[in-house]
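Here the protein sequences come in this chain order: A and U. Each step along the first sequence adds one to the number in the working numbering, with nothing skipped, and position 161 is 207. Each step along the second sequence adds one to the number in the working numbering, with nothing skipped, and position 9 is 55.
Source of the hints: derived by calculation from the structure; they are not laboratory data. It should be emphasised that the depicted structure is a prediction, and the values quoted were computed from it without experimental measurement. Positions of the beta carbon are idealized from the N, C-alpha and C atoms, including for glycine. One or more of the hints may lead you astray.
[Unchecked claim] Some but not every residue of chain U turned toward chain A, in silico, with C-beta under 8 Å:
#, residue
1, 88
2, 102
3, 113
4, 116
5, 137
6, 174
[To be verified] Pairwise CB distance ranges, derived in the manner of DEER restraints:
#, chain 1, residue 1, chain 2, residue 2, range
7, U, 104, A, 191, 14 to 24 Å
8, U, 166, A, 187, 12 to 22 Å
9, A, 87, U, 203, 21 to 31 Å
10, U, 85, A, 89, 47 to 57 Å
11, A, 235, U, 94, 18 to 28 Å
12, A, 235, U, 81, 32 to 42 Å
13, A, 124, U, 227, 44 to 54 Å
14, A, 235, U, 194, 47 to 57 Å
Protein chains: 2
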Amino acid sequence: MKLYNAAAPNPRRVRIFLAEKGLEIPMTDVDIMAGGSRTPEFLARNSLGECPVLELDNGTCIAESIAICRYLEALHPTPALFGTTPEEIGRIEMWNRRRELKLSDAVGTIALHTFDFFADRVKQVPAMAEAGRERSIRLLNWLDGELADGRPWVAGDDFSVADITGMTAMLLSDFTRVAIPDTATHVARWNAALRARPSWNA
Amino acid sequence: MKLYNAAAPNPRRVRIFLAEKGLEIPMTDVDIMAGGSRTPEFLARNSLGECPVLELDNGTCIAESIAICRYLEALHPTPALFGTTPEEIGRIEMWNRRRELKLSDAVGTIALHTFDFFADRVKQVPAMAEAGRERSIRLLNWLDGELADGRPWVAGDDFSVADITGMTAMLLSDFTRVAIPDTATHVARWNAALRARPSWNA
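Using the sequences provided together with the hints, build the complete structure.
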């Protein structure tokens, strides 16, 4: 198998997942800034022109970072990053989606509407970037209330894929200059714990 | 267990999933139009104030429709709607995300920026609704190319949760008046097959 990798948050999510699993797989770097994900060869692997893509030995290509992580989890179940009991599976999926569809989406909206890279992919509207910034702060404050019970990781006692999605959200927050509010001390604690993991630099 | 249900696409996704599994669980209807998901009692179950929520017998609440579906799949594995082999699991997750993060997101953007219901939840920008409409058509044409190999369901030979997510996307298309382009005959075939399933009316 081979991972088509790039310098971007979604490929990084897979790299962090691999590091947490202790797995190494061959990678090919795609220069997305230079149009490397828009070539006919790449589009044959993922017609949406997005990285990452995992190419299996039988030629099947799996796109979408979380789909790649689920494939790898099915092959290598330990350590379980998507949960094992029905309740863990449900809770981790809930938190993974909350991190992605809420916080990553809000912070990503700022990037989408301000970064030059996206100028030819979406209609950039300054008011949307501003709304994304307000929503990001609101969600960080909401998350702070959720983490106020003192649990170490976002879905409970164990580090999970929801924290990995949180890592990419916090990376995007760095890029878009969304600061954790001073009063959000529980988010600050969780954020520091994420950055202390060796996989942060994967 | 009890499902907090509402007249909206995400609760419907769980109801379709239950129908496809042949499961029945107790439901409580929440009147979201009248603020029923914003009461203190409801916010204690899901601090984001969104339906659906599955309350387990031990009091744990699982929000997010797909998280609820995954919990139910873990308890009732047959028929498998998230796949069983690693490759199926990866492929179905890829397609579920493509349906949700691409098509549902595009069509949902139209709703978000035009429906009165969302006026106090997001900053409504007419240009965003228009961009969502253009993107929806572009994605339906892209999907048509993907389904041109004649496969019956979006992730392959078997009906899966990715088709259920597709059902909610097509329902949202009805509400936002996004029509399938005349040339997208493969999407039209798939759309007709979805609407012919008994679970369509769940």
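State the violated hints by number, sorted upward, taking the hints as numbered earlier in the document. 1
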